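Novice: Residue strings, one per chain:
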Amino acid sequence: MKRLLDILLGRAARPVPARHEGLIAIGTAAVTMEAQLGLKPEPVAGLVFKPVESVYFERAKEELDGLLQIAVRETESRYRFWSDPYRYRWVIVEDPDFEDLVATLHSASQILIEHGFGSQLLAAVFRFSDRTGEPFYWIYQFKLGKFTPFAPRKGRTRDEAQELRLVALLERELPVERRPEHWYALWDLPF
Amino acid sequence: MYSVRRVEQWARDPGLTARMLLVLFGLSFLYVFFVGTLIWSGVDAVTVLVIALVLAMVQIFLAEPLALASVGARILKPGELPWLQEMVERTAALAGVPRVRVGIAETRVPNAFAMGKSLRSATVVVTRGLLDLLNKEELEAVIAHEIAHIRNRDVLVMTIAGFFVVVAQLVFRFLLWGGGGRSQRDRRGGIAVVFLVSLLVWLIGQLLLLALSRYREFVADRMAGILTGRPLALASALLKISGQVERIPEKDLREVQEMAAFFIVPPLRRESLMALFSTHPPVQERIRRLEALQRQLEGLA
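Residue numbers (my numbering), protein chains in the order written: chain A, 86 to 276; chain B, 6 to 306.
Be careful, since some hints might not be right.
On the chain B side, residues computed to face chain A include the following (Cβ under 10 angstroms) [claimed, not checked]:
{"id": "1", "residue": "Trp15"}
{"id": "2", "residue": "Leu29"}
{"id": "3", "residue": "Val51"}
For the record, the hints were derived by calculation from the structure and aren't laboratory data. Predicted model, so just to flag it, every value in this text is computed and none were measured. Glycine included, C-beta positions come from ideal geometry on N, C-alpha and C.
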């Protein structure tokens with residue numbers, strides 16, 4: 086009933102709040118992926134969001150920067166900001182400890198959410214490599230609160246079989262999105 | 006954990022919501038009045054409504070292929086204009102919408118429209134002219150505007166809200182051409198009353214529908230401004246598109262006339278028409294609202 090009213094009054098297009106609680110699960114899933122599937126987690130991950138031209142957003146970004154600087158001091162991590170051609174901002178964090186990497190990205194997303202910009206969070210991206218070095222990414226989509234697979238290959242093609250396989254194999258350990266229409270690509274990733 | 010509901014606040018526009026509610030009340034009242042008159046007059050109201058319902062269903066289910074065909078649009082193949090497809094994908098993902106198809110119409114008229122009765126079968130169509138005219142930021146803003154239309158189910162809402170206007174129009178035209186016969190049932194002069202009432206419902210209903218359509222444009226503008234984080238990118242896109250549309254001869258535009266309701270800027274010259282008769286609000290008014298949103302984002306409102 087509320088949904089119907091929202092549609093009638095044009096409120097259905099309002100910003101979708103972010104759900105970041107599912108993000109943590111990648112830590113344990115990574116162990117399984119490495120031990121049983123031979124997919125090695127890379128020590129680098131990214132958080133991508135759409136910036137807003139707003140003083141409030143600048144404040145959120147300053148706090149984000151502060152948090153990352155503390156994280157760098159406490160662990161052996163490094164971070165950098167990057168803008169992609171679609172004007173999305175990335176925080177790219179490098180950390181040899183995968184658990185720390187996940188925790189850093191989780192608290193980074195937390196800061197944007199606390200400042201009221203959760204709806205601007207697009208995804209957190211984690212890279213895995215198989216024995217031949219081919220990449221496989223788990224993309225955590227904040228709007229869904231779920232992970233979607235992405236196995237890019239040469240010439241902007243995707244290895245769909247690999248994606249289906251990993252969704253099936255990790256269903257129990259990871260909140261995965263089973264509906265393939267949500268499996269968006271993120272081409273030309275910087276890591 | 007405490008968190009500010011900042012973006013949610015920006016998304017709110019109580020004045021607009023109230024006006025939309027008012028229009029919807031007005032339409033409902035009008036429709037009850039219309040159906041009441043139909044039943045009272047002894048016209049075979051059930052038959053009329055069933056025919057109209059079938060028409061509405063056909064419209065809802067065929068709208069997409071018909072709309073695509075009427076503007077000469079086609080769906081992009083995978084790998085075609087990859088940056089455009091990715092831009093739409095990302096905007097959709099940011100808005101929490103599943104796969105949106107991207108179509109292109111090979112026309113010089115810069116415009117865009119959204120189609121699809123549900124979130125699952127949504128299509129955003131842009132014209133070649135739009136791709137040539139706008140920079141990527143402006144294009145993204147236009148796409149976000151169309152995705153807001155999709156999320157608000159605007160095509161579906163307008164079709165359903167307009168259902169009885171279509172019925173009234175059908176009844177009026179039918180009676181105008183001498184339909185209805187001088188049957189035995191018409192003892193109370195019912196036909197004449199129905200004739201006048203359907204004309205009234207058609208005209209007033211049409212005005213209310215146009216108002217509803219304009220309000221929903223404002224909503225889509227606002228959502229696009231928030232989603233892309235840059236309301237004035239949409240403002241500059243609107244300026245460019247409207248300027249261009251006015252410069253293009255009308256002859257080329259006639260074929261796209263029927264699609265006007267779904268376009269981002271209606272492709273017709275409307276300077277001479279009153280704003281009351283327009284599906285889209287004037288560009289100046291839309292830009293003024295986007296500027297107000299930008300001030301709000303900067304904490305100056």
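Novice: Hint validation: Leu29 of chain B versus chain A, beta carbon distance must be below 10 angstroms. Holds or violated?
Specialist: 6 angstroms, holds
Novice: Hint check: is the beta carbon of Trp15 of chain B less than 10 angstroms from a beta carbon of chain A?
Specialist: Constraint on Trp15 of chain B satisfied, holds at 8 angstroms.
Novice: Please check whether Val51 of chain B passes as an interface residue: C-beta within 10 angstroms of a C-beta belonging to chain A.
Specialist: Cβ of Val51 of chain B sits 26 angstroms from chain A, so the hint is violated.
Hint compliance for this structure: hint 3 is the single one not met.
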